[in-house]
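Novice: If you're matching them up, the sequences are chains A and B in order.
At position 126 of the first sequence the residue is numbered 126 (this note's numbering), and the sequence of numbers has no breaks.
At position 248 of the second sequence the residue is numbered 248 (this note's numbering), and the sequence of numbers has no breaks.
Treat the hints with caution; some may be incorrect.
The list makes no distinction among identical chains, and a pair is therefore deemed to hold if it is satisfied within one copy or across any two copies.
To be verified - Derived pair list, reagent style SDA-like, types lysine to any residue, alpha-carbon separation capped at 20 Å:
1) Lys21 to Glu93
2) Lys21 to Pro4
3) Lys26 to Val394
4) Lys219 to Gly35
5) Lys364 to Asp49
6) Lys219 to Glu93
7) Lys397 to Thr41
8) Lys21 to Asp152
9) Lys219 to Ala183
10) Lys397 to Pro275
11) Lys124 to Ala389
12) Lys21 to Thr154
13) Lys219 to Pro390
14) Lys21 to Asp291
Keep in mind that the hints were calculated from the coordinates and are not lab data.
Fair warning: this is a prediction, and the values are worked out from it, not measured in the lab.
Protein chains: 2
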Amino acid sequence: MTTPLRLGIAGLGTVGVGVVKIIRQKANLLAARTGRPIVITAVSARSRDKDRGVNLADYAWEDDPVDLAKRDDIDVFVELMGGHEGPAKDATEAAIAAGKDVITANKALLAIHGQALAEAAEAKGCVIRFEAAVAGGIPVVKSLTEGLAGNDITRVMGVMNGTCNYILTRMQDAGLPYDEVFAEADALGYLEADPNLDVGGIDAGHKLSLLSSIAFGTKVAFDGVELEGIQRISIEDINQAADLGYRIKLLGVAQLTGRGLEQRMTPCLVPADSPLGQLTGGTNMVVLEGDAVEQIVLRGPGAGEGPTASAVMGDVCDVARGLRISTFGVPVGALESTQPAQSNSPAPFYLRMALLDRPGALAKVATVLGEFGISIDRMRQGQHDGSEAPVLIVTHKTQRSALNEAIAAMSSTGVLASDPVALRIENV
Amino acid sequence: MTTPLRLGIAGLGTVGVGVVKIIRQKANLLAARTGRPIVITAVSARSRDKDRGVNLADYAWEDDPVDLAKRDDIDVFVELMGGHEGPAKDATEAAIAAGKDVITANKALLAIHGQALAEAAEAKGCVIRFEAAVAGGIPVVKSLTEGLAGNDITRVMGVMNGTCNYILTRMQDAGLPYDEVFAEADALGYLEADPNLDVGGIDAGHKLSLLSSIAFGTKVAFDGVELEGIQRISIEDINQAADLGYRIKLLGVAQLTGRGLEQRMTPCLVPADSPLGQLTGGTNMVVLEGDAVEQIVLRGPGAGEGPTASAVMGDVCDVARGLRISTFGVPVGALESTQPAQSNSPAPFYLRMALLDRPGALAKVATVLGEFGISIDRMRQGQHDGSEAPVLIVTHKTQRSALNEAIAAMSSTGVLASDPVALRIENV
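Looking at chain A on its own, in the form it has when it is part of the complex (with noise of 0.2 Å):
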């Protein structure tokens, strides 16, 4: 038997815990698959005395994550703290200096500071792996980086948060409001400390920001996203998207285009029976197009502690057995440089909005999509509530800038009650 590979893990949450679990429940197994003893030395948490349910009494503790990241006593920094700011963000970097290989599930420090954290890794012969990062436990990152490495990326999709499938599968079931699935939500515990980077889209947004720089050889470019949230989705909205035999998905798409890198995670719709539409709950799906695979399809919880130590334990065992991959699988300083483009393929677009009751408002309205060329698909005007009248339409294939005109110009008509909600319509 070789030498062991010893980790020094810091963050002790979910996470860390299902990590140590493994490691003490498996050991003859992970090191008959790896050639090598799989050793933890040293952990590293906020609170000492915290009962976790699990013997740390074998592993040294440092209170200082920096600290355990440069102990001479450890192979692998296995970084299960979070942020892109602070100890993370400190840890890690010690970790690189002191030569050390680094593991991360943090989405939010790679999609921040990968290209320079990859830079000092590559400077000093470390690898940084991190598959629990992306998607839960499925092994995508692998996939993306090794399995397809023989194709030109085409496209890459994905629901990849599982709060927001979550809520929005909960509005569906329950017939509920987003406040009150949000706050159920939030009881659940499934929301981040800052909220606003599960329904704001910023999570999932890291996540694609991460796929794209694999997927098309370039850098991580998380400034370059077109966010929407899942705020603005109502009840309303859910149930005119099954009507029309839709689902709504806080959906990522990136695709690198002769006019720049497109990356969007936006809610929109797609068809009920897809395999995207019957996604439920915290389930994620990523969507991998390649010219010579054509498509793969991968699905898997997105969160939990199984999973998202199975996937940190997959990265543990490439490590122990040897595979040193570059962190966004070429080398650092071959990573190419992209202007953003905007999405703007056309796509059918769902459209909802509240009328003024005032003569010939929807007219109006029609008036204004057919100056831009936008046809209808569908429209749908509601009986008034009080002196709004609701109404939705579906346009035919347009362009998001000429939507987004369109709306502009509506709202000078002053017919328009409040912001139209307009979700684009994925036929996926």
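Add chain B to chain A, keeping to what the hints say.
Specialist: Chain B alone, transformed into the frame defined by chain A:
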């Protein structure tokens, strides 16, 4: 730039040509991803003169793949010929004896001789990689061996023969009988030279036995796969299943139980609106279940030039990047021997039979089922067609062994016009 990785490719059919094309078209991309040039040194196929639409002039030619396998100027022998005896076996053995790594798409070879080949490879320090042997473009071997390496795998399931799925889907969509669709598939070139490999479930059984070995750390046990082909599935079965809300799929299931290793590849009824039920045409789907990850579902094209070449290239890039993993995930000496266990977990069954036109025939059948403790969920008798009447029974959960005994007992009552078709209902 470090030393090139030099390939010798044996077999220039669809997949071989696909691999050559990728290596010619993507030299820079592959070198950036793996850190070294990937080059073809020599090739071998049956006919040197055939126009394959790709320029082979840069490569040495060998008439005999064994000679190719032994060449001093190749590092990796890429076996894309097929067949579990003859040239494919001889050349693979020769390559390993000469210390070459092996990449193969040959499920039959590994299902029959995998243990011996893995032993030889391990003794020589070579690796054998076979992503393309299972489920075409889906990176399932990688996901299982590497991504889920921190899991005890509890179950593997899947639809892994695109030809069978094409036939079953086409019967349903076009309302055509088996024989007619079989002839169509043959004309389209979808069938193996020996069609029984496809429609008899053998090819899919080979694949399942390879996944079982990786999943459970057991010796490849193709002999232990309970095999049933799709040849007896009639359009009547397809339609009856559809009426009940199901689709018929050739479904593989493997799990390690206290009684031994259960592996079956049999036609089953799955819910029409489930991901497996919605799988159409040549698409494959594999479901991987582990104690930590819960459940991962992978879907993608099961065959074809691009997808299969993509899988081969994933292995090529792994070898170029220096990944060295035991053939079946653990050292060959650690693979456990298992007893085959008949699948005996209770399930509802679909039972179609033709009764002779005799008084009390239906009562006799029902009585026999009751005698074996099998209760009936639904039963339909159709109109007599000449001297026979079609009868469809859906049982409550029962064991396959009890059902087999009941069927034998029914036969001895003399009321059956032919052997019943009994299909397990998997509510997955």
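Novice: How would you classify Lys21 and Pro4 at a CA-CA limit of 20 Å: within, between, both, or neither?
Specialist: within (18 Å within a copy, 42 Å between copies)
Novice: Evaluate Lys21 and Asp152 at a C-alpha cut-off of 20 Å and name the case that applies: within, between, both or neither.
Specialist: between (39 Å within a copy, 13 Å between copies)
Novice: Reference check for the pair Lys219 and Glu93, CA-CA at most 20 Å: within, between, both, or neither?
Specialist: Within one copy only: 19 Å inside a chain, 44 Å across chains, cut-off 20 Å.
Novice: State whether the alpha carbon distance between Lys26 and Val394 is at most 20 Å within one copy, between copies, both, or neither.
Specialist: neither (54 Å within a copy, 42 Å between copies)
Novice: First find the shortest C-alpha distance between Lys397 and Pro275 inside one copy, then the shortest across copies, and answer within, between, both or neither for a cut-off of 20 Å.
Specialist: Neither way: Lys397 and Pro275 sit 22 Å apart in one copy and 29 Å across, limit 20 Å.
Novice: With 20 Å as the alpha-carbon cut-off, assign the pair Lys21 and Glu93 to within, between, both or neither.
Specialist: Neither: 27 Å inside a chain and 42 Å across chains, both beyond 20 Å.
Novice: When no copy is specified for Lys21 and Thr154, does a C-alpha distance of 20 Å or less occur within a copy, between copies, both, or neither?
Specialist: between (39 Å within a copy, 18 Å between copies)
Novice: State whether the alpha carbon distance between Lys219 and Gly35 is at most 20 Å within one copy, between copies, both, or neither.
Specialist: For Lys219 and Gly35, the Cα distance is within 20 Å only across copies (18 Å; inside one copy 34 Å).
Novice: Are the CA atoms of Lys219 and Pro390 at most 20 Å apart within a copy, between copies, both, or neither?
Specialist: Result: close neither inside a copy nor across copies, 44 Å intra and 65 Å inter.
Novice: Evaluate Lys397 and Thr41 at a C-alpha cut-off of 20 Å and name the case that applies: within, between, both or neither.
Specialist: neither (58 Å within a copy, 50 Å between copies)
Novice: Regarding Lys124 and Ala389, is the shortest C-alpha distance of 20 Å or less found within a copy, between copies, in both, or in neither?
Specialist: neither (63 Å within a copy, 77 Å between copies)
Novice: Regarding Lys219 and Ala183, is the shortest C-alpha distance of 20 Å or less found within a copy, between copies, in both, or in neither?
Specialist: For Lys219 and Ala183, neither the intra-copy (37 Å) nor the inter-copy (51 Å) Cα distance is at most 20 Å.
The structure does not agree with the numbered hints 1, 3, 5, 7, 9, 10, 11 and 13 stated previously, though it agrees with the rest.
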